[in-house]
Amino acid sequence: MAPPILHSPVQLSPAAALALSQQAPAFLRSSSSTVSSSPLSTLLSGPEKSEQWLQYENLIVSCLRTGDDQAAHQCLRRLVARFGDDNERVQALRGLVKEAEAQGNGALEEVLKEYNQILDENDTNIPIAKRRIALLRSMGRLSDAASALVQLLDFSPTDAEAWSELSDIYLSQGLYPQAIYAIEEVLVLAPNAWNIHARLGELQYMAATAPGVANGLYQKYMAEAVKRFARSVELCDDYLRGYYGLKLVSKRLLNDGAKATRQTDDSEFALPGTSTLERLNELATARLSEIVRHSAASDRGWRGYSEAEVAAARALLADDASAIER
Amino acid sequence: MAQVPVQSIHRDPQLFYWILFPITIVMILTGVLRHYATVLMASAPKKQDQKATREQRSLLHGINVRGNHHVLSKPSFTARRDALITAYESGAYLKNPDSRGQPPPNPMSDPNAMEGMMGMMKNQMAMVIPNTLIMSWINAFFSGYVIMKLPFPLTIKFKSMLQAGVATRDMDPRWMSSISWYFLCIFGLQPVFNFLLGSDNAASQMAQQMNQMGPQGGAQMFGPGVDPNKQFLAEAENLAVIEHHSVLDGVEQRLLAGIKV
Amino acid sequence: MVICILASPIIVIRSFGASRPQAQEASNTAMTLLSKTITAFGSLLLAHACYSAREHTALQSIRAATAATLTSSSTAATSLPVDIIIETIISTFIILLGLVLGTRPLRPLEWRVWAGKIEREGEEGFTDNAGAVDKDYMGNPFSVLESRPNFVDIRKQRKEFAEWVQKGDGKQGQ
Amino acid sequence: MPSEQELQISPIVQESLVHNSRTLYNLQSLTASLFGVSAGILGLESYSGFVFYVALSLVTAVLFYALRVAPTSLASGKPPLDTSRYFRGAYDFWAGGLMNGFAGFVLTWTLFYGLVTA
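Sequence order for the protein chains is P, U, C and W. Position 287 of the first sequence, counting from 1, maps to 287 under the numbering used here, and the rest follow consecutively. Position 190 of the second sequence, counting from 1, maps to 190 under the numbering used here, and the rest follow consecutively. Position 57 of the third sequence, counting from 1, maps to 57 under the numbering used here, and the rest follow consecutively. Position 52 of the fourth sequence, counting from 1, maps to 52 under the numbering used here, and the rest follow consecutively.
Worth flagging that the hints you see were computed from the coordinates, not collected in a lab. As the structure is a prediction and not an experimental result, all values here were calculated from the model. The beta carbon of each residue, even a glycine, is placed where N, CA and C say it ideally should be. Take these hints with a grain of salt, some might be off.
In silico negatives: residues of chain P with every beta carbon more than 10 Å from chain W [what the hints assert, rightly or not]:
1) S13
2) G106
3) L119
4) A160
5) P191
6) G273
7) H294
Listed next, the in silico BS3-like pairs over lysine-lysine satisfying Cα-Cα at most 25 Å (straight line) [said to hold, decoys possible]:
8) U/K159 with U/K47
9) U/K47 with U/K95
10) C/K156 with P/K98
11) C/K156 with P/K113
12) U/K95 with U/K51
13) P/K98 with P/K113
14) U/K149 with U/K159
15) C/K36 with P/K98
16) U/K149 with U/K47
17) C/K167 with P/K113
18) C/K156 with C/K167
19) U/K230 with U/K95
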């Protein structure tokens, strides 16, 4: 029985989450229920594996997602037995379980009150603070969530995950400059994260193509978007998302190449010339088609891409081809 | 020196059972014990209140911005730099802003400083105590005779060390007493410890320290006896002096040159 | 004699990480069956060579003692019969081959190549030679910055899952 | 050594570097002990023992290169005998094993020398 996965199950597709949560009963039976039934067994059972507790955590999230609350409670009891009640992460997980089972707004307010009460006792409890922000956001109170997050980031500015969440909240509120600022903070903490470079490129592309944006701002955002996608591809060979963005941005810039490119002052990035744009576009198209061809045939060593991404790339290539025929 | 006649002393093969292997096994077990002892004695990180974490992490954030300035574009970097410099100089992130002037608390009296130093002392103890115990145990039980012949010749001055218990002057230094087997085991057992306990275990570190005796680490950040305000000012200065170059400059040309279509 | 039989398994045990329950996960080499058999065979050969060498010197010293000619023992190496020498060297090379085959596949250093491998091959790129995915492989380490597990909105995910199930049933239903 | 700027543009993955050097270190210490055993069995004396060790360590490095490094490194266009895809610095790949396995070699060499050649 393959042990449940170690990395976070949050971005799993529903089918994979279902498969994972169905493994829960078997996994619960296989590992010892009580922590140390007899001293001899702990002595012989060898050093405790840290992954085991990570697997419990992931199981809780997947079981809650698929509705298997009973298994989630069992995992939670194991974690409480092992780490005790005052462990911050266990408290956060218990809050998660309560949130999942809360019916209606009244119960949610109850859970929120509980979070506030825990935070009053110990305000450096980051997992609970994050849970509270997630709850505020799921209850639709975006501005409260944003202010709580800003306050959390004030006392712990090196938390990349919180910055990324802040950027997502700003994006959902349509505040592009702040969202870009927050993602740049994530980049400062993880300078070589190719998916964050691509994310920043996407944000800048959205900011540039947002309705009613000034031409100067449009140039600025598009120029940096091209560079961000190029950097994400430079950091990771055959990065489908990077090439996809690069193609999108260069195609759009080529289409409206007619508008005079305003000369920006030197501190900002200048738009690349049309020749480089064409070569970039051609490079992106070539690589994208190669990736699509390989992963469609699922050659050995090309199976890492997710179907959705490959389909999106195929669509982009298709309408590119049709554009040429027209 | 004249070719020393090859001395061959007939030895009872039982020597190996009752000397060599007990010493080796005892050493392996003490190594494993030492590893788990240091793991158990490692004190859990102390809970810090919000202000202290805020101060530390704000400085870390500044250092990150300075370290990874190449990832940002020029305008965003200059905006961040000015904001950080003004905040650092105004002492916005200090834990207790009123104590900016006074010298830092004396490390001896400072309670949490003691905690850090106690930790280091415990590790040293874990290294030294088992060592002396085994040495005295060997000298007590296994001295006074020679057990094995070294395959390679050694200079005379090793003789006094290796044949401590054996009072014969003209014995070829290649003959080994059990204490020399102990020295061999200290360094030789490193691969075994790496194998048994994973490669970054305390047992093998002791041996590495023995032959390196490197100087202790440099000045600790936020350690005892360091004034946070000075660190903030120093950091502000470093930030001001950075001449920014972005990794994004010319990234398209690099890409087109690098990746063949 | 018992000694050298006992001594050579030390090498065998030390190279067989997996067989010892207490072997630390970090250091045990995930060997395929092939490299284990090669190393086992080499170790047996080596044990036999050690045993015969031991016998030979014991025999020789007895014969030397009885013939009371102490001068005959020249340096031990040359007096060893040639078949034992060959056997030792061959067994060393066999174990060497087994150990080298037993090492885990290496990982590329350059960021571009390493990231490309993660994106392109996913889990397959990071398996040890026994096919099991490496313990410390967790996909793109920065994907956690985008999926943000600590901020997961569990209620939304439950709703999405419920819809997916209905849609799924709906589809299977037709 | 690549300049600080180049390192920013094409960084090195620390985790792979640690994984590779640990794998190599484990192999080198295991093989060093193995060579100690065979040197002890053969009853090699001082200089021939050390030459034996150095020669076989080099053979190990060549074998390790051939089996683990070459297939992918040559496929990705690196020149032969080039280990830059997996290791920093050729010196410590080829000769690094000598030092860190040496203590293990001496230990097993002495043990088996005493065992076999009495």
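Okay, the hints, checked on the actual structure:
1. S13: holds, 27 Å
2. G106: holds, 47 Å
3. L119: Since the minimum Cβ distance to chain W is about 35 Å, P/L119 lies beyond 10 Å and the statement holds.
4. A160: holds, 17 Å
5. P191: violated, 8 Å
6. G273: holds, 22 Å
7. H294: Holds, because the least Cβ-Cβ distance between P/H294 and chain W comes to about 16 Å, which exceeds 10 Å.
8. U/K159 with U/K47: violated, 54 Å
9. U/K47 with U/K95: holds, 15 Å
10. C/K156 with P/K98: holds, 14 Å
11. C/K156 with P/K113: holds, 21 Å
12. U/K95 with U/K51: Satisfied, since the Cα-Cα distance of roughly 5 Å is no more than 25 Å.
13. P/K98 with P/K113: holds, 12 Å
14. U/K149 with U/K159: holds, 13 Å
15. C/K36 with P/K98: violated, 50 Å
16. U/K149 with U/K47: violated, 56 Å
17. C/K167 with P/K113: violated, 36 Å
18. C/K156 with C/K167: Holds, at about 16 Å.
19. U/K230 with U/K95: Holds: U/K230 and U/K95 sit about 13 Å apart, inside 25 Å.
Going down the numbered hints, you'll see the structure goes against 5, 8, 15, 16, 17, while the others check out.
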